[in-house]
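Enquirer: Take the two lone chains and join them into the complex the hints point to.
Protein chains in written order, with this note's numbering: chain Y, 1 to 113; chain W, 1 to 98.
The hints are simulated quantities; they were obtained by calculation from the structure and are not laboratory data. Just so it is clear, CB atoms sit at the ideal spot from N, CA and C, and this is done for glycine as well. Don't take every hint at face value.
What the hints assert, rightly or not - Computed list of chain W residues with no C-beta within reach of chain Y, every gap over 10 Å:
1) K10
2) K15
3) L20
4) L21
5) A24
6) A26
7) S48
8) G49
9) A60
10) E63
11) V95
Stated by the list, open to error - DSS-like, lysine-lysine: derived pairs with alpha carbons at most 25 Å apart:
12) W:K15 with W:K92
13) Y:K105 with Y:K79
14) Y:K65 with W:K76
15) W:K92 with Y:K65
Here is what each chain is made of, one letter per residue.
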Amino acid sequence: MMSDDINQKIGNMVAGNDVVLFMKGTPLFPQCGFSSRAVAILDHLAVEYESVDVLQDMDVRQGIKTFSDWPTIPQLYVKGEFVGGSDIMMEMFEAGELATLMDEKQVAKADQA
Amino acid sequence: MSTESKGAEKGSVAKEMEELLVAAFAPERLEIINDSARHRGHSGDDGSGESHFTIIIDSAAFEGVSRVMRQRMVNKALGDIPGDRVHALSIKANVPNA
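So that you can see chain W by itself, here it is in the shape it has in the complex (with noise of 0.2 Å):
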């Protein structure tokens, strides 16, 4: 599961994405992966560029947390990004090996 970032230059959404997720969970690991080339004219797809994502943090706040909690904890520090900015969202949200 260590695909690397297709797109080498990091859009403006993934850096802003980077920004809030580090701001928000300090994460031991975060990989913001875009997805959006392989999915090219597919619904969903709006030309931007950045409409398709998967992004894998390792945080100690998910420590606890249930992996719905996790995701929405995910999506409310991305404020407007998931499903309005942003089309598909892979979310992977672990606890980083002890």
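Next comes chain Y alone, as it looks inside the complex (with noise of 0.2 Å):
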């Protein structure tokens, strides 16, 4: 079935690296404040992540809301769980969990330029 497809899809890209972000246009040039920010905050936290811009695949536009039971983009993954989405990732940042999270889980640091 497609949508079966589409799971596996997602599920294989969430699995692909340690820090995976769902977003609208990519870290460079963000189509949208929300994942503006969540790149904001991931560059601040000095992690290395992936990203994946759903602007250019409707399926996965699609079918992310469903994989993470999550109707909003953009959305954050570590080791293949899901975190939250802009409004989680401000409040963790701002409460230092999220630094907590990346270090608890172990995930690379970027490489400081």
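Expert: Take a look at the structure:
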């Protein structure tokens, strides 16, 4: 079935990297304020992450909502686990919890420029 | 974080969300802030004036519930509004201070 394929595809994307951000646009050119905020948070945490531009794939854009039972984008995954959208990312970041989570999950740090 | 509602008169979507949230969570505090004006002309602005909202909701129903689950509860209660009829919904769901 079509939707199973999409679920499989998204599952592979999520498993493909320690930190995966589904967003609108790219980290360099985010197409939405919420995605932009999510990128800023991850950059600030200086972790390595993979981004998926949902605007490039309508199936993923729709499928990700079912996959996580979450209606909005951006969506952050760490070690295959759904963490939340931009509000939760911001709340956790401000509370220091996101940094703790990244440490606990032993996420790779980004190369510092 | 006590931003006042900009749009003086409440639109129909805001009213509908208020009714749904009151019915679902009997919140101690509920603020539905229309941020649409700040996003005029951005992607997602459909010209309705009701494209972007922030919801601040304090309810005992969120006691012992994770952040993700709280937002899911709010989104579920709002049916087809989040992401579909409203482009962007920022949700801050808290347990009332004891």
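Enquirer: Which earlier hints can't be squared with this structure?
Expert: Going through the list in order, the structure violates no hint and respects every one.
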